[in-house]
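By our numbering, the letter at position 2 of the sequence shown is numbered 2, and the numbering carries on one by one without gaps.
Bear in mind the hints are in silico, worked out from the structure with no lab data behind them.
Treat each hint with caution, since some may be false.
[Unchecked claim] Here are the computed distance ranges between Cβ atoms for each label pair:
1) GLN114 to SER46: 18 to 26 Å
2) ASP87 to GLU26: 39 to 47 Å
3) GLY48 to GLY69: 32 to 40 Å
4) ARG3 to ALA90: 37 to 45 Å
5) GLY109 to VAL22: 13 to 21 Å
6) VAL116 to ALA41: 25 to 33 Å
7) PRO4 to LEU112: 25 to 33 Å
8) GLU23 to SER117: 19 to 27 Å
9) VAL76 to GLN114: 17 to 25 Å
10) ARG3 to GLN77: 18 to 26 Å
11) ARG85 to GLU26: 33 to 41 Å
Keep in mind that this is a model prediction, so the values were computed, not measured.
The C-beta atom is built at its ideal place from N, Cα and C for all residues, glycine as well.
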Amino acid sequence: MKRPVNPSELAPPIGFAHAWLVEHGEQKTVYLAGQCGYDKAGKVESPGDLVAQLDRAMANIGLILKDAGMTFADVVQLNFYVTSRDDYAAARRAFGEVWRRHCGKHYPGMALFQVVSLFDPQALIEIQGIAAR
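Let the hints inform the model, and build the full structure from the sequences given.
As C-alpha cells, this is what we get:
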C-alpha cells in the first residue's frame with residue numbers, strides 16, 4: 001500500500017506530495033519531498049536566515065514523520081541542498097544545535113550539496129530524505 005503524506009499543519013502541496021508512505025507488511029518507508037523553511041501559508045518563514053530556515057524545515061519534516069507514524073529516529077538518509085556552502089560552514093555550530101533539538105544523537109546517512117538556486121528564490125536550504133521502520 002502507498003499513500004501521500006500531507007499534514008494539515010503544512011501548506012497544501014500543489015503538484016506534489018510532501019511525502020509518500022509505502023507499507024509492505026510490517027515495513028514502512030517514507031520518501032520525503034524537499035522541505036524548505038515554509039510556514040503554513042507556503043511562504044519562506046525567515047528570509048535571509050539559513051539557520052532559522054533549517055529549523056523550520058526540520059520541524060516540517062517532523063510533522064510529516066508524525067503523520068506517517070514515525071519519528072526522526074526512523075530517518076535513514078537526508079540530502080541537504082544549500083545555496084551557499086560558505087554560509088553553511090559559518091553556521092555549522094548553530095546547525096548542530098538545531099539538529100540536536102530535533103534529532104538528538106541520531107545521525108542518518110547525509111549529504112550536502114551547494115546549488116545555484118532553489119525553486120523559491122528566498123529559500124536558502126531544502127532537505128529531502130528517506131525514513132524506514
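Taking the hints in turn, this is what the structure says about them:
1. A hinted range of 18 to 26 Å for the beta carbons of GLN114 and SER46 is consistent with their spacing of about 20 Å.
2. A hinted range of 39 to 47 Å holds for the C-beta pair ASP87 and GLU26, which are about 42 Å apart.
3. A hinted range of 32 to 40 Å for the beta carbons of GLY48 and GLY69 is consistent with their spacing of about 35 Å.
4. At about 40 Å, the beta-carbon gap between ARG3 and ALA90 stays in the expected band of 37 to 45 Å.
5. A C-beta distance of roughly 19 Å is found between GLY109 and VAL22, which places it inside the suggested range of 13 to 21 Å.
6. At roughly 26 Å, the beta-carbon separation of VAL116 and ALA41 lies within the given 25 to 33 Å, and the hint holds.
7. Our hint of 25 to 33 Å for PRO4 and LEU112 holds, since their Cβ atoms are close to 27 Å apart.
8. Take GLU23 and SER117: their Cβ atoms lie about 35 Å apart, and the range 19 to 27 Å is violated.
9. Take VAL76 and GLN114: their Cβ atoms lie about 23 Å apart, and the range 17 to 25 Å holds.
10. For ARG3 paired with GLN77, a C-beta distance near 21 Å keeps the hint of 18 to 26 Å intact.
11. Look at ARG85 against GLU26: about 40 Å separates their beta carbons, and that is inside 33 to 41 Å.
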